[in-house]
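Participant: Sequence:
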Amino acid sequence: ITHSALLAEAQRLAAFHQQKNGYRTVIATTEQVYQEFSGGQPDPTALRDFVKMFYDRAGADLAKRPRYLLLFGSASYDYRNRVPGNSNLVQGYESVNSLDPLFTHTSDDFFGMLKDGDDINLNDPKTTLALGIGRIPARTAAEARIMVNKIIRYHAAASMGVWRNQTVFVADDKDQNLHLEDAEAIAATAAVSNPLQNQGKIYLDAFPVVSSSSGARYPAVNDAIVSQVFNGALIVNYSGHGSYQRLADEAVLTQEELNRFTNPDKLPLFITASCDFAPHDDPSKNSLGMGILTGSENGAIALLTTTRLVFAYSNRQMNENYLRIALKPLPDGQYLSLGESVQQAKNYTSLSTGDLLNNRKFTLLGDPAMRLAFPEGRVRLNTMNGAPISGADTLRALQLYTFTGEVTDGQGNLLSGFNGRVLPTVYDKEQAVKTRGNDPASKVTSYNQQTNILYKGMATVTNGRFSFSFIVPKDITYQPGKARISLYAADGLRDANGVHTELFIGGAATTVITDNTGPQIQPYLNDSTFLNGGLTHENPVLLVKLYDSSGISTSGTGIGHDITAVIDGVERNILVLNDFYTAEQDSYQRGQVLFQLPTLTEGRHSIRIKAWDVANHSNEAVLDFVVVKKEKLQVTALRNFPNPFQGSTTFSFEHNQPNTDLDVTIRIFNTAGGLVKEIHRIVNTGGTRNCTINWAGDNQSGAKLTKGIYIYSVKVVAAGSQTETARQLILF
Numbered sequence: 018i019t020h021s022a023l024l025a026e027a028q029r030l031a032a033f034h035q036q037k038n039g040y041r042t043v044i045a046t047t048e049q050v051y052q053e054f055s056g057g058q059p060d061p062t063a064l065r066d067f068v069k070m071f072y073d074r075a076g077a078d079l080a081k082r083p084r085y086l087l088l089f090g091s092a093s094y095d096y097r098n099r100v101p102g103n104s105n106l107v108q109g110y111e112s113v114n115s116l117d118p119l120f121t122h123t124s125d126d127f128f129g130m131l132k133d134g135d136d137i138n139l140n141d142p143k144t145t146l147a148l149g150i151g152r153i154p155a156r157t158a159a160e161a162r163i164m165v166n167k168i169i170r171y172h173a174a175a176s177m178g179v180w181r182n183q184t185v186f187v188a189d190d191k192d193q194n195l196h197l198e199d200a201e202a203i204a205a206t207a208a209v210s211n212p213l214q215n216q217g218k219i220y221l222d223a224f225p226v227v228s229s230s231s232g233a234r235y236p237a238v239n240d241a242i243v244s245q246v247f248n249g250a251l252i253v254n255y256s257g258h259g260s261y262q263r264l265a266d267e268a269v270l271t272q273e274e275l276n277r278f279t280n281p282d283k284l285p286l287f288i289t290a291s292c293d294f295a296p297h298d299d300p301s302k303n304s305l306g307m308g309i310l311t312g313s314e315n316g317a318i319a320l321l322t323t324t325r326l327v328f329a330y331s332n333r334q335m336n337e338n339y340l341r342i343a344l345k346p347l348p349d350g351q352y353l354s355l356g357e358s359v360q361q362a363k364n365y366t367s368l369s370t371g372d373l374l375n376n377r378k379f380t381l382l383g384d385p386a387m388r389l390a391f392p393e394g395r396v397r398l399n400t401m402n403g404a405p406i407s408g409a410d411t412l413r414a415l416q417l418y419t420f421t422g423e424v425t426d427g428q429g430n431l432l433s434g435f436n437g438r439v440l441p442t443v444y445d446k447e448q449a450v451k452t453r454g455n456d457p458a459s460k461v462t463s464y465n466q467q468t469n470i471l472y473k474g475m476a477t478v479t480n481g482r483f484s485f486s487f488i489v490p491k492d493i494t495y496q497p498g499k500a501r502i503s504l505y506a507a508d509g510l511r512d513a514n515g516v517h518t519e520l521f522i523g524g525a526a527t528t529v530i531t532d533n534t535g536p537q538i539q540p541y542l543n544d545s546t547f548l549n550g551g552l553t554h555e556n557p558v559l560l561v562k563l564y565d566s567s568g569i570s571t572s573g574t575g576i577g578h579d580i581t582a583v584i585d586g587v588e589r590n591i592l593v594l595n596d597f598y599t600a601e602q603d604s605y606q607r608g609q610v611l612f613q614l615p616t617l618t619e620g621r622h623s624i625r626i627k628a629w630d631v632a633n634h635s636n637e638a639v640l641d642f643v644v645v646k647k648e649k650l651q652v653t654a655l656r657n658f659p660n661p662f663q664g665s666t667t668f669s670f671e672h673n674q675p676n677t678d679l680d681v682t683i684r685i686f687n688t689a690g691g692l693v694k695e696i697h698r699i700v701n702t703g704g705t706r707n708c709t710i711n712w713a714g715d716n717q718s719g720a721k722l723t724k725g726i727y728i729y730s731v732k733v734v735a736a737g738s739q740t741e742t743a744r745q746l747i748l749f
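Going by our numbering, the sequence shown opens with residue 18, and the numbers climb by one from there.
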């Protein structure tokens, strides 16, 4: 159900589902529904009656009942359009109690209560949802286009990646460890439902707190969330306090962090078990939840979030029930859709708890018919160093290991037509993390996590089979314990994942590594064409290429033995890059780091990179650069090569506007000032900052120019600003 202003985008999304999933769809505008069911008057009951018509027609035939309802458009508490900026395109249900902030709410559950006698006002736990419901709260056609684009892109090959193996839990530090304990319980439930998912934990009380003029802050948590979104996660799950402007009193997620998100192909489902993170029916509040959803190149694919004040205990129940259902694969290896998972979680929560009101305040902002990007195939390991893997095998420090394995379907059958890549990640055993008791009302405690990476690589899959090798770093925890080998594979059409948790790790090998030199380090910004001292924007991506004959250490176990970056010599703000390193395909010796740097100030900067090999030999490299605000176009390093030239030459320059259309005009003049050639191009260099344009040495008519000296100018226009530079070239 949509509004006529959004109809084209609703039709585009329906066509996508018809093509991809074979779904039968019905699209109706609110105007059409109101004419048929409420005498032309806007009324949310008319929308529900429209859905109930299909439900009743199906009778007992479950195959004919509607499975999903997508409310495609924004809602507002103001049915009569009295408040400024109102956007009530697809009405929502508003509670009778509209004054008390604790008891008022909006709920799209209303549209799924389709049995005769169902009444949302009775708070009857037997009033359950008959279908999966979601809302795309677009206020304009432009916002609708962004959200549909994100859904289509989410299912494209470019979005495949190891990030689909990751779930991240974030916990507030308040209330006597309540939110940390909630997150731990929810994470344990998630691990049982889907042991293939790796878990990251960003618990505020495990980080240093900083006092500021705005109160206590956790800058390391802000950076950790931004880095995790950059690296990718299938689900980001938050437990704690929040509001429509931020998460946690310490503002660990705000508009500032959202502006730093760069994850167009790694869009997570955000689950926020906190107060009114997305009151989408209040036109006066431009909520952070809405911003995360409507970001064109970043943010989230969907939100399972709240619209009003809620209670922590009831939040935990809904959160835990959702993950128990959503993460568990079906017998055929498939997963429930977003809408079905929320439907079942809400129904189970309603029947098992007494807090129906809290349950109603949770809403799915997103497409209910889409599935999260869980890999559907499986990856398994078969041999280690030529022998079948047994539970008694142990990985030892400084030993070279070679594993073989294969990619299968969900039932374990080899996919012999699978040709792509597998990405193995080998984790050291679980480690205990101790909290700090930063909040006066919280106590010091500890929790376990398994995040120290011994090897993260990439190998070729041929006809469903693969092998990879690596040397276990010297820096491991030597007491025996279970390692974790997480596996992800993709071939551009499908993907698969797996996990092996039966190998022990501990002790040292008797072999001796003769490598006595540290890694080779080549740092860049944004791409490998970056030159030392060059220009960049305020939020560049650090790219570091590394090589060592023994491999690069990322274990994080040895003190100081991390891949690190220090900006401008400020050691207290050291950046640890272990989790952002990936070995090159079919090599454990060579790889690269990709890391989203924090926002930088204008001017000159330097960054010092340090890395260690697996035998604990280190090396350093320094990169100098200049930050220019992105809105101020700057062009440097203009040249043509070869120069002098014969036949053709290439113009090149550097700029500070990545991912931006550049309007480039090159004019070539003779020494008398006459214009002999003009070249015009619209160029987008993507994430790089180097632009090249070829010229065949001809004039405007296509004839070759005579030998001599010529002058050329290059004018570049971008984002409303322009720059022009001139140089001399010689044709011989």
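Simulated from the structure, these hints should not be mistaken for laboratory data. You may find that some hints are simply not true.
Unchecked claim - DSBU-like, lysine-lysine: derived pairs with alpha carbons at most 30 Å apart:
1. K724 x K646
2. K37 x K345
3. K460 x K562
4. K143 x K132
5. K345 x K81
6. K721 x K646
Said to hold, decoys possible - For each label pair, taking beta carbons as the anchor points, the in silico distance ranges come out as:
7. V450 x T527: 53 to 63 Å
8. Q272 x V450: 41 to 51 Å
9. E273 x A208: 50 to 60 Å
10. I169 x T618: 36 to 46 Å
Every residue gets a Cβ at the ideal spot worked out from N, C-alpha and C, and that includes glycine.
Participant: Hints first: check each against the structure and report whether it holds.
Facilitator: Each hint tested on the structure:
1. Restraint check: the Cα-Cα separation between K724 and K646 comes to about 41 Å, which exceeds 30 Å; the hinted pair is violated.
2. Of the supplied pair hints, the one linking K37 and K345 holds, its CA atoms being roughly 22 Å apart against a limit of 30 Å.
3. At roughly 42 Å between alpha-carbon atoms, K460 and K562 are farther apart than 30 Å, so this suggested pair is violated.
4. For the proposed pair K143 and K132, the alpha carbon gap of about 10 Å is at most 30 Å, so the pair holds.
5. The straight-line distance between the Cα atoms of K345 and K81 is roughly 26 Å, inside the 30 Å bound, and the hint therefore holds.
6. At roughly 41 Å between alpha-carbon atoms, K721 and K646 are farther apart than 30 Å, so this suggested pair is violated.
7. At roughly 33 Å, the beta carbons of V450 and T527 sit outside the given window of 53 to 63 Å.
8. The given range of 41 to 51 Å is broken by Q272 and V450, whose C-beta atoms sit roughly 29 Å from each other.
9. Look at E273 against A208: about 32 Å separates their beta carbons, and that is not inside 50 to 60 Å.
10. For the pair I169 and T618, the beta carbons lie near 37 Å from each other, so the given range of 36 to 46 Å is met.
Going through the hint list in order, the structure does not satisfy hints 1, 3, 6, 7, 8 and 9.
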